[in-house]
Structures are given as structure tokens and as C-alpha cells.
Amino acid sequence: NAGVTQTPKFQVLKTGQSMTLQCAQDMNHNSMYWYRQDPGMGLRLIYYSASEGTTDKGEVPNGYNVSRLNKREFSLRLESAAPSQTSVYFCASSESWTGGWDTIYFGEGSWLTVV
Amino acid sequence: SQQGEEDPQALSIQEGENATMNCSYKTSINNLQWYRQNSGRGLVHLILIRSNEREKHSGRLRVTLDTSKKSSSLLITASRAADTASYFCATGGNKLVFGAGTILRVKS
Numbered sequence: 001n002a003g004v005t006q007t008p009k010f011q012v013l014k015t016g017q018s019m020t021l022q023c024a025q026d027m028n029h030n031s032m033y034w035y036r037q038d039p040g041m042g043l044r045l046i047y048y049s050a051s052e053g054t055t056d057k058g059e060v061p062n063g064y065n066v067s068r069l070n071k072r073e074f075s076l077r078l079e080s081a082a083p084s085q086t087s088v089y090f091c092a093s094s095e096s097w098t099g100g101w102d103t104i105y106f107g108e109g110s111w112l113t114v115v
Numbered sequence: 001s002q003q004g005e006e007d008p009q010a011l012s013i014q015e016g017e018n019a020t021m022n023c024s025y026k027t028s029i030n031n032l033q034w035y036r037q038n039s040g041r042g043l044v045h046l047i048l049i050r051s052n053e054r055e056k057h058s059g060r061l062r063v064t065l066d067t068s069k070k071s072s073s074l075l076i077t078a079s080r081a082a083d084t085a086s087y088f089c090a091t092g093g094n095k096l097v098f099g100a101g102t103i104l105r106v107k108s
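Residue numbers (the working numbering), protein chains in the order written: chain C, 1 to 115; chain P, 1 to 108.
The shape of chain P in the complex, shown without the other chains:
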């Protein structure tokens, strides 16, 4: 069973535009993480947001967390072709559970 579910499943935008991906989860969490996966590669950690945080920034990434709605969003500003990848949210303790991911395509 998947704890997090990303929305949309796929997103296609032009270079320079912003990309927003959403994650909903079912049970209470201690933190939520976002990962990126380039085609044919392993996952790479992007950002971790704790349950007592509402927003976190890292470069062009902005993550928000709304524990009352059990949801999180990942915003990538001024997207680049190199941002083309799948993005996953993950929650849990030792047994970190990943969602099915959002496939982002940035067209140049």
C-alpha cells in the first residue's frame, strides 16, 4: 500500500515555467521527503520537511506541508530541461513509503 499519492501523474511544461506537484498521504507523519529520479537512474533526495514546518526552500525548490489536509506540494520555479524527471514523495519511519510519482517533462 502506498502512503503518498502524487498528483498529477504527468506534467508537461515549457522551459522557464513553474511546475507544481502535489502529494497526499493517509496517516499522521513525522516528516515528508521529496525525491527525484532521472530516467534509468536511482532516486536522489531533494528535500525533507518536518511535520512542524509549513514551508521549506532549497534553491529553485519550494515545498509546503499542510498536516490538516494531509498534503504537500513541490514547486519548481523557472524550470529547465534538466528538471525532466519523475518526482516522488515519501513518508514513514524505517519503512519509508513512496508514492507512484509525477512524471515531469520540461520542453525546451
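Only chain C is shown next, with the shape it has when bound in the complex:
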């Protein structure tokens, strides 16, 4: 039982390049999330998906797009990377569509550097 798996673990991008962060969970959870973590800032929600086929903006959605491909997979795309998007990205999932009432399970993170 792998939990939440995200790839890649590390990535260096040049400004203007695009990339997709992949995330999959094997816990049959309904809700999935993408957070970014910057030093001293805690985690900030980028996008979340309460169920398959739905997505909603979080606190910092600008510059990102997401796709809930199916119940298991939730991808995050940077269309034109900027240095301000250098961060650690975490995918997470929870059982209920009312995510705040449940334990949220996190992946191990993806370290992205934009130069």
C-alpha cells in the first residue's frame, strides 16, 4: 500500500518551460490536493478536487492548472514556469469530500527549482 505517490522527486526547469507533476493515490480517496511549501510560509493550497471530475482553486492558483484524470490521479501543470514557482510541492488526499474533517495523507514532495 503505497499511499500517495508523486513524481518527479526533483526537477530543475528553465524559466518559461512547462512541466507536469503527477500524483496518484491508492486509498480510494475522494478528495485530492496540491500544496506548495516555501520556507517560513507553511503550506499553501494551490488547487483541490473534492471528487472525480471537479476541481477548485485554492489560495495560490495563478500559474498552475490541474487535471483530475480519474479517482486515483491528480496532476499539476506549470504552463510557463517562473522563478517564483521554485518550491516544494505536495500532493495529498483525504477520504471525504469534506476534507477538513478527515486525516489528510501527504506524498513525499517534489522539489522544483526554476532558474
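Derived from the structure by calculation, the hints contain no laboratory data.
Please note: incorrect hints may appear among the correct ones.
[Unchecked claim] Cβ pair distances, simulated, as ranges: (1) C:V12 - P:N30: 39 to 45 Å; (2) C:K71 - P:H45: 18 to 24 Å; (3) P:R54 - C:E95: 25 to 31 Å; (4) C:S51 - P:E15: 28 to 34 Å.
Owing to the predicted nature of the structure, the values given are computational and were not obtained by experimental measurement.
Cβ coordinates follow ideal geometry from the N, Cα and C atoms, glycine included.
Given the coordinates of chain C, assemble chain P onto it according to the supplied hints.
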């Protein structure tokens, strides 16, 4: 914007001592959660306390909630070197909002 703010930002103690971290939040909540993050890893859920609860225990962890003061505290008793990590409080519904965290260092 962050709903929860942890205090202190950093805490260094000796193994065996107790560690107390505090969280303050701004708006009414349904529940409050605490998470731990080891260096270079993802967050791990520790405990959830509902708004109608005042105290909750889990092993060496004790969490209190004071809704009148909009604050919560996490107490780790008899700390171990393995407790060295960052600790975050989080509140909210679907859009769970995390504080900036307290960095705990337990020296052996």
C-alpha cells in the same frame, strides 16, 4: 493568508523534557488538526480535535483547544530525539489552511 499561527517558531529542548507548541487562529472552526513533518518528508497527521472538545490525548501527545481564545496547544511529553521535526496546526474545511509551523529540536 494563514489561518493558524504557531508559536514559538523554533524550540530546542533536551531529551526527556516536555515540549509545548501553541497555535492561534482567526475565525471560528469546526475542528483543528496537528501534523508533523520530518526534514525532507511529507506531513503526517497526529491528531484532530473537534470544536466541542477541550482536550485530547494520543500516546505522548496532548492537545488542548480553547475556542474562546481561538487557540490550541500541542504538548509532547518525555520528548525523544526522534520527535525532532516541524509541527503544524491546520484548520478549515475542504481548503485546509496550515500555519507556518514550529521547528522542534530535541537534543540527546
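So, going through the hints one by one against the coordinates:
{"no.": "1", "hint": "C:V12 - P:N30: 39 to 45 Å", "in the structure": "holds, 41 Å"}
{"no.": "2", "hint": "C:K71 - P:H45: 18 to 24 Å", "in the structure": "holds, 21 Å"}
{"no.": "3", "hint": "P:R54 - C:E95: 25 to 31 Å", "in the structure": "holds, 26 Å"}
{"no.": "4", "hint": "C:S51 - P:E15: 28 to 34 Å", "in the structure": "violated, 45 Å"}
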